[in-house]
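Asker: Residue-level listing of the chains:
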Amino acid sequence: EAQVTQNPRYLITVTGKKLTVTCSQNMNHEYMSWYRQDPGLGLRQIYYSMNVEVTDKGDVPEGYKVSRKEKRNFPLILESPSPNQTSLYFCASSALRDSLDGYTFGSGTRLTVV
Amino acid sequence: GDSVTQMEGPVTLSEEAFLTINCTYTATGYPSLFWYVQYPGEGLQLLLKATKADDKGSNKGFEATYRKETTSFHLEKGSVQVSDSAVYFCALSPPGTGGFKTIFGAGTRLFVKA
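As they're listed, the protein sequences go chains C and S.
First residue of the first sequence: 18, per the numbering used here; consecutive thereafter.
First residue of the second sequence: 49, per the numbering used here; consecutive thereafter.
These are computed hints drawn from the structure, not numbers from a lab.
Some clues are possibly wrong.
Dumping the calculated DMTMM-like pairs for lysine to aspartate or glutamate here, alpha-carbon to alpha-carbon at most 20 Å [to be verified]:
#1 S:149 x C:76
#2 S:149 x C:55
#3 S:149 x C:79
Let the hints inform the model, and build the full structure from the sequences given.
Answerer: Structure, rendered in structure tokens:
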């Protein structure tokens, strides 16, 4: 089954403790992206990647890092999480040639930073 | 900058009622327009799209028409079902970005009562 898999689904952590949210897709998509979803604000793009070793900032990149060492994986790293990063996070992917056909989204990771 | 404005929810309807969710946008030129749906506990799924003025996107009984003159892309369905209860997001991709910079609205939650 074609899908985007995120782990974990739920995470509670403390301020300052480094964490990684993993994202993997099995569709050989070149494009991958991270979004955060907050009430009343919709989805805002954090980082995106057009291919291996090619990443770029979205609209809200502060406090986050990403890497794209393999085509299928696009982890999101919070080196020193803070409470304002409590949010619902989504990973998305698409083929470059089909980018205007919309994205495939993962099921989300709900992160709470206390 | 580019933006998407959706009607605030929640919207509560009885089964078989007519649905309209308003969406207007601000963008230079001719963006591509999308509607995504998010069912409880899941990621977003592409519902329909339109890539040029006067195009009508349709899927699963939902329709939306790209109106350049009113910068709108309202979502409609003639007869809603309980299973349509979800959050609906209007989104746009600015021209020249190849679909890689998608901007989402805040989302509109729909409840359908039996």
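Asker: Taking the numbered hints from earlier one at a time, note which ones the structure violates and give those numbers from smallest to largest.
Answerer: none
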